[in-house]
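Each chain is listed here by its residues.
2 protein chains.
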Amino acid sequence: MNKRVIIIGAGFAGLDATHVLSNQEGVEVVLIDKNNYHTFTPLLYQVATCGLDPSSIAYPIRSIFRNKKNVQFLMGKVTEIDYRAKHIAVMTENGLRQEAYDYLMVATGSVIDHFGQESIEAQSFGLKDLDDAIALRQHILKLFEKATWTQDIEARDAMTTFAVVGGGPTGIETAGALYELYNYVLLQEYGDNQPPLKVRVLLLEASETLLAPYPSALQNAAIEQLGSLGVEVVLNAKVTEVTPDALYLADGRLIHTHTLIWSAGVKASPILSLLDVEPQRWGRVKPLETLQLPDREGVYLAGDLVYLEDDKGQPYPMVIQVAKQQGKVAAENILRELSNQPLKLFKYNDLGIMATIGRSRAVAWLFNRVQLRGYLAWLAWLFLHLVTLLGFKNRASVFVSWVWNYFTYDRSVRIILDDNRLRKPAPIEQLQEE
Amino acid sequence: MNKRVIIIGAGFAGLDATHVLSNQEGVEVVLIDKNNYHTFTPLLYQVATCGLDPSSIAYPIRSIFRNKKNVQFLMGKVTEIDYRAKHIAVMTENGLRQEAYDYLMVATGSVIDHFGQESIEAQSFGLKDLDDAIALRQHILKLFEKATWTQDIEARDAMTTFAVVGGGPTGIETAGALYELYNYVLLQEYGDNQPPLKVRVLLLEASETLLAPYPSALQNAAIEQLGSLGVEVVLNAKVTEVTPDALYLADGRLIHTHTLIWSAGVKASPILSLLDVEPQRWGRVKPLETLQLPDREGVYLAGDLVYLEDDKGQPYPMVIQVAKQQGKVAAENILRELSNQPLKLFKYNDLGIMATIGRSRAVAWLFNRVQLRGYLAWLAWLFLHLVTLLGFKNRASVFVSWVWNYFTYDRSVRIILDDNRLRKPAPIEQLQEE
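Heads up: the sequence lines are chains H and W, in that order. Note that this note's numbering has the first sequence beginning at 1, numbered continuously upward. Note that this note's numbering has the second sequence beginning at 1001, numbered continuously upward.
Calculated from the structure, these hints are not laboratory results. Only a predicted model underlies this, so the values are computations on that prediction, with no experimental measurement involved. A portion of the hints provided could be inaccurate.
[Unchecked claim] With a cut-off of at most 30 Å between alpha-carbon atoms, the simulated DSBU-like pairs for lysine-lysine come out as follows:
id, chain 1, residue 1, chain 2, residue 2
1, W, K1142, H, K324
2, H, K324, H, K128
3, W, K1077, H, K3
4, H, K286, H, K328
5, W, K1142, H, K128
6, H, K68, W, K1198
7, W, K1077, H, K198
8, W, K1142, H, K198
9, H, K77, W, K1142
10, H, K238, H, K128
11, H, K68, W, K1142
12, H, K69, W, K1142
13, H, K77, W, K1198
If we strip away everything but chain H, and leave its shape as in the complex, we get (with noise of 0.2 Å):
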C-alpha cells in the first residue's frame, strides 16, 4: 500500500519536494495550491511593469508533472488541519473535500504583512502574486491615460508619481522598472502634454540603507545607480498613513500620490494557524532541524514559514535558495522514514544574493566573497535567471521577449483588462475565497 504524501503549495519548496517524491515506489503525492500555475515570483515586477506577459512566469502545474504517474495536483485552498486523524480539508471547484494523509508537507510560503497599519493595507499594492501583478499593470496604465487627459498640473503630477515602499530586492526591481517603463516607453507616447508628464518614483526605505544584507559598498553602489537610472532613495522614511491620493511619512512629510507599492515586509502564511503551534517571529514555526514539526506525526514544514536559524544564531532568509533546499530536504527525509534510513538535518548552502535595478544595472553578493555592481552584476542576474527558467518550457518566449526589449526599448505588454467583464459570466460555482 502506497503512502499518500499531500504537499501544501507549488512554490519553489513544493515544487522541489515533489520532484524529489516523483516516479519514487511506495509513494503517492497531492500537491495542492490554489492555483493552477506555478509562478516564478523574481520576475512578478516584470509583468507589472509591462515587461513579461503573465504566462511566461507562470506554468501550469499539471505539464510540470505530466509524466509522473504518482503525482497528482488538487487545485484548492486548505481550510482545516486534522493533525490528529490525519486529514485535511479543502475547498476546491468542487466544493468542500476531506483528504487523507500519511505525510503532510505545508509549503505555502509567505504573505504581505502590513505591520497592522490598516490604511496600507487598503490603499497599497504588493507583488507577491501573478494577480497582484496584473493589478498594479492596471493601475498604472489607468492612471497614464488618465494623466494625459489632465489640465491641472499638481494633480496630473500625482497621478504620474510612484511610491515603492521597502528597499528590498523587489523594491528596487519594481522602482527601477517602473521609471525604465516611463523613461523608454511612456514618455514617448504620452508626448502630448504641455508641459510634458513628469514622473517622479520614490523609494522609501524606513531605515538607513537599502539591501540590508549586503556589504555597505554595494548598498551604496546600489543607491547610486538607483539615482544614475532617475528614482529618487528615500532613507529613513516611515511610511505612517495613506490615502487615496496621498502619503504621509512619520517626520510629517507628505507625499502626493496615487500609488503605494508596499514590498516593505513579508509573513509566513496564516495556513500555520490550522496546525495550532507556537509561532516565532515574522509569524513563521519552528520544526526541527529535520524539518519534521514536533507533536505533530508526519507534518514537515518548509520555505519562507520555517524558522530556523544558522550557526550564528541567525533566521535563515526567507529566500527561494532556502525554500527550494528546505522541499528537497522535507521530500529526502520523507522518503528516509519509509525506508527506516536516519533522516537528514537542514543546512542552507548559501550561493550569494543578487538584485537588479535596471538595464545594465544590478548588484550581487556572491559566495560570501565576490562583490558584483553594474553591467556585470547585470549579466549574472539575467544569466542565472534564463538558467533557472531552463526547467520550464516558457524560456523561450521569456527570452525572445527580452532580448526584444533589449534591442527596442519595448514593453509591448500593455493592456488593461476589463476587471468588470472578467467576472462575468459567472463561472457556475464560485470558488470559496477568504
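Since the structure of chain H is provided, determine the placement of chain W on it from the hints.
Chain W only, in chain H's frame:
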C-alpha cells in the same frame, strides 16, 4: 486652424482610417476606444483555447501611432453624440468629457446577437473581444480541474462537453481548437481518471450547412475535416433554451453541458442609437456610398455597422476586409472634402475568405474562383495571418508561440487568473460601465 476628426473605435476600420489621416496637414485626429489596445480578432479563439497570450493579439493603440504627431488617443466610452452641435460625450477615467468635432467617424463594429433569447444571453460565452476570450479560457480550465476530481461519470461528462453554436468561421475555428486543446494537451495532463476523461465538442448549426457563403464542395470539406478531427457537427440544430448544465434544441433534444459558446450571430454596435437613424437588418445603418451619413453633417460610418449592398443587391459581409477598406475610403473622403475634391464611392474588393479548422485543416475560397482545402488552405491561412500581423510588433512572439506549438503540441498559456483578486485594490474612481 486644423480640422478635428474624431474616430470612435480602434478596430480594423478605425485603425486604417487613422493611418490615412495621420501626419496629414490640416487635420488632427482623436481616436477613441474603450480599450487601450487594438484586438486582432481573428485569433481570439487561440487565446480562449490557451494557444496564445492575450497580449500577442492585443496591441497598445498608443504604440501604433507613437510617431504620428497629429493623432491623440482617448480611452473611454461614448455616451452621447450631439450631431447638431457637433460634439460627443465620453465617459473616461477622468469622468465625463465633452469633445467637439468637425468630422466624426463611427466605427465601433458589431456586438454579439442573442436574438433576444435571454437564457442564451445569460448562460453563454462569446468570442467577440479579449475579455470574452479570457473568460472562456478560465471557464474551460476550471471545468477540467473540476471534472478530474468528480466521481459521478454523468456529471463529469457534462463538464467536458462543449457546445459551440454557429457554423461560421468563428464557430468552426473554436470547435477545432477546443478539440485540439483536449487531444494534444489536456488528455495527457488529466490522465488519472478511470475511465479516462472523455471530451465531446459539438458544433451546432441551425441551418442545413456550415459556412453559408462558401461553395458547397468547401462546405462539405469543412464538415469532413471537423469530423476527422473529432468534432461532432450537428446541422439543423436550433438552440431554444440554456441552463447552467444543459441546453435544449428545438426538436426536444437535451445536451448536458456547462459550456455554450455562442457564435451564431452579430448585430451592429448599439452606439448607432445615439445618431437617431433608422436601422436596417442586423441593426446596421445605411450611409451614402461615400460612407457619409445623410443629414448628419460631417458624420461618416465604417465597418461592421455599415449597411451597404453590392451590385447584386447582397449586403456586404461583416468581415475585416470590408471594414479596412471602408475605413480607408471614409478617411480619404474626409481629406477630399477638405481639399474640395470629388468624393470616392465605396466598392468592396473581395480577395476571398478562409476558415481554419485545426492543425493542417482549413478551407479557403479565393478571388471567387480558387478553392483550397486541407494542408494547403491551412498554410495559406497561416501565411496570411502572419503577414497581417506584420504591421504589429507582436508578430515575433506570436510566431515563436506558433512554431513552438506546432512542434511540441503544447499550449502553455493555461493560467487561471483569480477573478476575485483582479478586482482589488479598487481603482480610485471606477470607470462607469453600462
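Hints, one by one, checked against the model:
Using a Cα cut-off of 30 Å, the hinted pair K1142 of chain W and K324 of chain H holds, with the two alpha carbons roughly 28 Å apart. Taken as a hint, the K324 of chain H and K128 of chain H pair is honoured in the structure, with Cα atoms around 18 Å apart against an allowance of 30 Å. Proposed proximity of K1077 of chain W and K3 of chain H is contradicted: the alpha carbons are some 58 Å apart, above 30 Å. Distance restraint check for K286 of chain H and K328 of chain H: the Cα-Cα separation of roughly 18 Å lies within the 30 Å cut-off, and the hinted pair is therefore satisfied.
Distance check on the hinted pair: K1142 of chain W and K128 of chain H sit about 23 Å apart at the alpha-carbon level, within 30 Å; holds. The straight-line distance between the Cα atoms of K68 of chain H and K1198 of chain W is roughly 21 Å, inside the 30 Å bound, and the hint therefore holds. Between K1077 of chain W and K198 of chain H, the direct Cα distance comes to roughly 27 Å. Compliance with the 30 Å bound is thereby established for this hinted pair. For the suggested pair K1142 of chain W and K198 of chain H, the alpha carbons sit about 43 Å apart, so the restraint of at most 30 Å is broken.
About 14 Å separates the Cα atoms of K77 of chain H and K1142 of chain W, which keeps this hinted pair within 30 Å; it holds. Of the supplied pair hints, the one linking K238 of chain H and K128 of chain H holds, its CA atoms being roughly 21 Å apart against a limit of 30 Å. For the hint linking K68 of chain H to K1142 of chain W, the alpha-carbon distance of about 22 Å falls within 30 Å, and the restraint holds. Between the alpha carbons of K69 of chain H and K1142 of chain W the distance comes to roughly 22 Å, so the proposed pair stays at or under 30 Å and holds.
Proposed proximity of K77 of chain H and K1198 of chain W is supported: the alpha carbons are some 27 Å apart, at most 30 Å.
The structure shown violates the earlier hints numbered 3, 8.
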